[in-house]
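Dock chain B against chain A, hints included.
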Amino acid sequence: MFFSTLVIGLVLGGTYALIALGLTIQYGIARIMNLAYGEITIAGAFFVFLLVSSMGLSPLLGLVLVVPLGFALSWLLYGIVFHPLVKRASHAGQLEIDSILVTFGLMFLAQGLFTMFFGSEFAGYSWLQTPVNLLGAKIAAGRVLGLLIAVLIGGGLWLAMQRTRWGVNLRAVANHPEFAPLVGINRNSAARVAFGLGGAIAAAGGAVMSMYQPFTAVDGGFLTMKALVIVIMGGVGNLGGALMAGLMIGVVEAYVSYAIDPGLTLAATYTIFLGVLLWRPKGLFA
Amino acid sequence: MKTFGILTFLVLAVGMAVLPLGIGDYGHGVLVGMMSYIVLASAWALFSGPTRYVSLATVAFFGIGAYTVAVLADHLPFGAILVVAGSIGLCVALLVGLATLRLAGIYFVIFSFGLAELVRQLITWFETSVNHTLGRYIFIEVSTAQIYWMLLGLGIITLGLRWWIGNSRLGLAVNAIGDDETVARHAGVNVTGVKLALFAVSSVLITLAGAIQAPRWTYVEPSIVFNPTISFMTLVMALLGGPGRLWGPVAGAVPLYFLFEWIATRFPDQNAIILGLVFVAIVFLVPGGLLSLIDKWRARARAAGEQAHA
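Protein chains in written order, with my numbering: chain A, 4 to 289; chain B, 45 to 354.
Chain A on its own, in the form it takes in the complex:
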């Protein structure tokens, strides 16, 4: 039981890590605190759910389609909503408050729309439920595939950020936003691309989540909260840190819900968060 709980936790943590990656990119590079982030994830999940349940398509096809859609939606959102706020803000603190408030509004708007179209019931589909034996733990094939996809996307992104010219540009904006323009980097377009990229990852995370777990129209808030905790734990903008922290949170949640009570998973997450804040506020891996 010890071992299978670990595997379940890692699978769960893989999705969390994937979702948190997008948020750490949005906050670290575009400097927008996006509290409507989880809503993009839920939008991705609903999109795949619709494709699978009403058109009978494969969830994997849904995943492929949802990534560019998530990117486009977030890219447009940055241009329409956040760019005017960035231009208006007199200092970083003002932008932070403005973006928190606006994304709150967007969170409500999205939750209201989801509830209007899909109702407040759980949505989900069954896919690859056949159990596979993974190191002694019996686990649904869909979950294992979800973990694999999360690792693939996360690893690919990490490589792209480390090894390509494009990744170097984005990291330059993240580390020294005021110096990046001096070496010819367009800060505004870098921020916009980063925000879009974050949205693409959020939507992909939602697609993966829908493959093994039912969800509701208002689950986005929880996802945002967990992703935020993971981002802070890993250090803002630190991709490797977010991956590690995401897996950790997943494992802790799995053990808490197995050993104590499934209703206490958020309490466990927050206890860890409190510990990190008191002990290492710059992140575990700083």
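Hints were generated in silico from the structure; no laboratory data involved.
Mixed in with the good hints, there may be bad ones.
As the list claims (entries may be wrong) - Chain A is faced by these chain B residues, among others (derived, beta-carbon under 10 Å): (1) Asp224; (2) Glu225; (3) Phe328; (4) Pro331.
Unchecked claim - A few chain B residues that don't get close to chain A, going by computed Cβ distances all over 12 Å: (5) Gly49; (6) Ala57; (7) Leu65; (8) Ile150; (9) Arg180; (10) Ile182; (11) Phe183; (12) Glu185; (13) Leu196; (14) Gly204; (15) Gly222; (16) Leu283; (17) Leu337; (18) Glu350; (19) Gln351; (20) Ala352.
To be verified - Residues on chain B that point at chain A, a partial pick, calculated with CB under 10 Å: (21) Ala143; (22) Ala148; (23) Gly149.
Note that the Cβ used here is the ideal one computed from N, Cα and C, for glycine as well.
Here is chain B on its own, set in the frame of chain A:
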């Protein structure tokens, strides 16, 4: 000018106090709801206005207050319960504040975002696994009008505190923090201490607002008293009026309370959508709050007057 302000305040307070006399029980309920949001928005702004920390923990303290009443209703007189509730709110506020307020504001936002859910989960878990029940009944002999008067008293205290803070050395320190924390620190302001004190006062007021209203529910469950919408409504009301001004939260709370009451009866399913749109509209259209528009008009009138003079 100062005596004029105090006189207006007194007249207004007396006017609000006699308001329930002419109307029935339904009217009392409406008044309680309105006064509750006046207190919540003003208490929220007491901390968040000058420090510019966005707190989403309102319903965490509101719920703690209400739940304390539910647990102690059969054991203590109402007055004593209020004291206990206030003390619990104070302890939680100090704990949360000590952990988050010495760090950058964003940590506080994130923690307060989930605090209500955290408290709700802990209480639900405790009630189901230790007490083996969920939900409690509250039987306390308090009329709706009495609840209204208590809330009015709390509102007067809240506004009085905000006025006093705004005109004291503490207010100067708090405003310095809101403008530039580093500068404030260098000027010798005990930044963390000031923030913590304000957060504690604001949280106790919110806890009391929850406790005072608890008898109106009769049946209480964690998911009822920790309803996150209360936090967002409070936030959006304070922002609409302008959290930096004494009367800002009141000016935001009254119209929005009636707007949302109307929406809740006419379009119950579109509540969230409209709340979301109001948020976005405020940030883009009235970033400083409604009352800041008065300043703008005054400045424009003055400029026009000077032009005519020249």
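Comparing the hints with the structure gives:
The restraint placing aspartate 224/B at the interface with chain A holds, with a minimum CB-CB distance near 9 Å, inside the 10 Å limit. Checking glutamate 225/B against chain A by beta carbon gives a least distance of about 9 Å; that is within 10 Å, so the hint holds. Hint status for phenylalanine 328/B: holds, given a least beta-carbon distance of 8 Å to chain A, under 10 Å. Interface hint at proline 331/B: satisfied, since its Cβ lies 7 Å from the closest Cβ of chain A, which is below the 10 Å cut-off.
The claim that glycine 49/B lies off the interface holds: its Cβ sits roughly 29 Å from the closest Cβ of chain A, which is beyond the 12 Å cut-off. Taking the minimum C-beta to C-beta distance to chain A, about 31 Å, the non-interface status of alanine 57/B holds against the 12 Å cut. Residue-level check passed: leucine 65/B sits 38 Å from the nearest beta carbon of chain A, beyond 12 Å. Isoleucine 150/B, annotated as away from the interface, has a beta carbon of chain A within 12 Å; the closest lies near 6 Å.
With a least CB separation of 18 Å from chain A, arginine 180/B remains clear of the 12 Å interface cut-off, as annotated. Taking the minimum C-beta to C-beta distance to chain A, about 24 Å, the non-interface status of isoleucine 182/B holds against the 12 Å cut. Look at phenylalanine 183/B: its CB is around 28 Å from the nearest CB on chain A, clear of 12 Å, so calling it non-interface holds up. Under the 12 Å C-beta cut-off, the non-interface status given to glutamate 185/B relative to chain A holds; the minimum distance is some 34 Å.
No Cβ of chain A approaches the Cβ of leucine 196/B within 12 Å, the least distance being about 29 Å, so the stated non-interface status holds. Non-interface call for glycine 204/B relative to chain A: holds, since the shortest CB-CB distance, roughly 27 Å, exceeds 12 Å. Once the 12 Å rule is applied to beta carbons, glycine 222/B is inconsistent with being away from chain A; the minimum gap is 9 Å. Chain A draws leucine 283/B into its interface by the beta-carbon criterion, the shortest separation being 7 Å against a cut-off of 12 Å.
The Cβ of leucine 337/B lies farther than 12 Å from every Cβ of chain A, with a closest approach of about 17 Å, so its non-interface assignment holds. The claim that glutamate 350/B lies off the interface holds: its Cβ sits roughly 27 Å from the closest Cβ of chain A, which is beyond the 12 Å cut-off. A cut-off of 12 Å between C-beta atoms confirms that glutamine 351/B is not in contact with chain A; the least separation is 28 Å. Listed as outside the interface, alanine 352/B is consistent with that label: its C-beta sits roughly 32 Å from the nearest C-beta of chain A, beyond the 12 Å cut-off.
Because the smallest distance between the Cβ of alanine 143/B and any Cβ of chain A comes to about 6 Å, under 10 Å, the interface hint for this residue holds. Annotation: alanine 148/B was flagged as interfacial toward chain A, and the flag holds, the nearest CB pair being 8 Å apart, inside 10 Å. Hint on glycine 149/B holds. Least Cβ distance to chain A is approximately 7 Å, under the 10 Å limit.
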